[in-house]
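*Asks:* Starting from the structure of chain G, add chain F where the hints point.
The listed protein sequences derive, respectively, from chains G and F. Sequential numbering of the first sequence, starting at 1, is according to the working numbering. Sequential numbering of the second sequence, starting at 179, is according to the working numbering.
To be clear, the hints were calculated from the coordinates, so they are not data collected in a lab. For glycine and all other residues, C-beta sits at the position ideal for the given N, C-alpha and C. Check the hints yourself; a few may be wrong.
Said to hold, decoys possible - Straight-line C-alpha distance at most 30 Å; calculated DSS-like pairs for lysine-lysine:
1. F:346 - F:365
2. G:88 - F:474
3. G:46 - F:509
4. G:88 - F:480
5. F:509 - G:50
6. G:50 - G:160
As the list claims (entries may be wrong) - Far from chain F by the CB rule (all over 10 Å, computed), these chain G residues:
7. 10
8. 16
9. 29
10. 57
11. 95
12. 97
13. 112
14. 116
15. 117
16. 138
17. 172
18. 175
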Amino acid sequence: MSDIKYILGSFGDPDEMMHGIEKLQENNISIHDVYTPMPIHGIEAKLGIKRSRIDIAAFCFGITGTCCAFALIYFCAVIDWRVNIGGKPSFALPDFIPIMFELTVLFCAFGMVLTYYASTHLFPGRAPRVMDLRATDDRFVIAVDAKDNVEHTVIDGLLKDAGALEIKYNERKYISYE
Amino acid sequence: MGTHNINFSEQFEFTGKVKTLSIVGIALGIAAVAYGFLAGDKVMHERTFANLLLMAYYFACVCMSGTFFLAVQYVAQAGWSASILRVPQAMAKTLPIAAVILVVIISAGLYTHNLYHHWHADGLTDPNSANYDSIIAGKSVFLNVPFFLGRQVVFLGIYSIFSIMFVKFSYNEDLAGGLNAYRKSFKNACIFLVIYGFTTPIFAFDTVMSLEAHWFSTMFGWYNFAAMWVSSLATIAIILILLRRAGYMQWVNNSHLHNLGQFIFGFSIFWTYVWFAQFLLIYYANMPEETVYFYKRFEYYKFWFFLNLAMNFLAPVLLLMDRDNKRTDAKLLFVSIVVLLGHWVDYYQMIMPGAVEEGHNGFGIIEIGTALGFVGLFTFTVLTSLSKKPLIAKNHPLLQESLHHQL
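In isolation and in its complexed conformation, chain F is listed as follows:
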């Protein structure tokens, strides 16, 4: 297509069916959570909290990986993505909201003893108590409530501040032009990537791995990083394809989709690599304190265990291997949705065995309702911030490279 007829002030209008549906989704989510809290007993409360944690974590991870995407593009000085940056920027702008929701859910679960009760209960660290647990006591220097919540707030706060900065630089660039904003974004992206690289594993250890505080795996952080990054890439691809179908962003061509498809393909394999690296070492060493993790998942979550591999490894590898499939928007959309659902399954069997008592897990109204609620919330918040500014960063110095992108 020609690049001379681009409307550089094209803006997304967030109205109509999408807006209604996203609000319906939020309402369904609230209804499902209310049902979980009002209708159920203690076990049901735990399950509801586990679902809230799952979706809030997913929501925050997708948004902060949007920031990571921005930072990677700036540090790599990548030109191809310059015209699609408004989508990850909208996700980055949503991160503060997601962060607040996650911290609220974590604190609520922690103080009501519905989440993290494995390391947060009376007498766990008191040698004279009947509840005394020497392993937890040994870890209590790190796993204690003030330090735990402090880490959550500091990490999510840092990510949010950088997110807001990147978005602000880009908006300033729209007004002022020049290279100033780009240089500042580059510098801050370098700092952000270092911080992000060192803190996301700890963030994952805290939020998810500490649900089963006896068990530990140093691969867990990278495993989670791979999951959040690939699900965020799938989200970006879905948003771009749907926007293009709705008549917006006509400058996004098949080569941009090809690049995103390559990213999803590559990082799905990376996810499998890390998942398998964690599994194989535990399987091979066969130490009881480590195998307990996979024992639980294999005994009580066998279906999910294999579904996870099928959706997150087999589907993207087989369907995105071919060049033409990455360039066809219907196929890329399909794979992206599979990967996104697949990582819900991934988080489900990371979180549920530790948070819900054996035999009380399930898949029903609460799971579907909470997921729909957060999808609605994500759609609503991200599309609202997307509709605030033009869909193209018109003064991005590498914009022409992106508009003429061809693979």
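Next up, chain G with everything else stripped away, as it sits in the complex:
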């Protein structure tokens, strides 16, 4: 049993990489993940990645913002310190709407940024985790879990056939900027 954890096929061209994904899938070799320096159309569908749930998070953050804003203004303007503004009732809903709207947007935006950072481990102080540094530059990398797929030579062959420029064997999952 070797120490190899991941086999990385590094491609110079996105179309060849897509071709490589097809080849691996035809041979029932499960792909751990794919790293590309730019977004590629249709790759999520091909890899069977589920839709991002950030919209649900956004909705929850937004509703929280609306409720917080309403609670804040209601407490200030109706309960704690009633002020007569132009003879209007203290609880005048149209006045509340701009503030509720703004806090909805604020909570939603900050919440989504934080959610995104948390789920991608991009918060400060965290060393970025990368499997292949060139995937952030000019290479399109397919990562295959070497422990689950034992026939390494077959995988190598398939990747090479599809046009991989380089095959790497990682003994650690991630290399980071050290």
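*Replies:* Quick look at chain F alone, frame taken from chain G:
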């Protein structure tokens, strides 16, 4: 779907049930208007004219926003829309007809004192007259008949000329190919957008806001712009979905609908934003000369007032928020129809309180008949011009991007 089996000369055939129905619609419209003029008294005439103005304005706005859609696509160099441009082009091609109808109705209403009587009547600007109105007199430099009609003709004329130009460039492109037509469209679209942006608010001030000439709101122009733009987007979506269901334009995929759905969703929110911005400032400042507008609408049109918000804000926001709903043609079709009807309600309570005496407004044969008549007219004219040329602009330089559009 594959993009290799597209018939680039596919043409729409305007025959059968749709054609019959659109002609029936026009006939019903004429009957309703005739009923309004022949059966009624002066109040009924005003109401008929108000309805004609409403629908003619709606018709012209939807068509000129079709031109605006074309211009936006060219200026943004958007690729996704290249394969659906024939639909807004058909709408743009109809604009001259809509413009003539609108100008005729406005002039007829103006000279028979059925429309705009608030600022166009004997002695309003004469200090010695019993009718003298100092506010109207102060505005008469701008609101006088020759200048008013001149503005209408010039604005609608400019929009029509640009509409015809964009359509012609695209037809020439079909024959000649190359980038020449695209470059010319881009250049003219830039000019058009500047003109359009500055003139539509004035167009809305003239056509609708001057019905209540004492009142004014600087938001009114953008409020109308949002209304006409979102109703035009809904119209484009409806036409595309129905054409696709009838077996035409099979290259239109769910991503194109998704884009239109996003547009309708976003601009419905924009419409609400502008509507509310106008309302809140007037509500907050609470100045009698401004609140009179909302007072009328809240006292005599309360149902329409809230129906307007429900149809144009709540419906699109709640129903189009979900990604899958924008991609499902039945749901997008439903929301588009709601938005289109909703903007009729929107225009109804913009126009009626100023044009019809209090207590004489209503919803009946005239309203439904006139609306059906103009829907029939729109269907007939737009589908006729759509059937003249192939349904795809085959030499559009960004066509492949549109055919492979995926979100």
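*Asks:* What are the numbers of the hints that this structure violates, sorted from low to high?
*Replies:* 11 and 12
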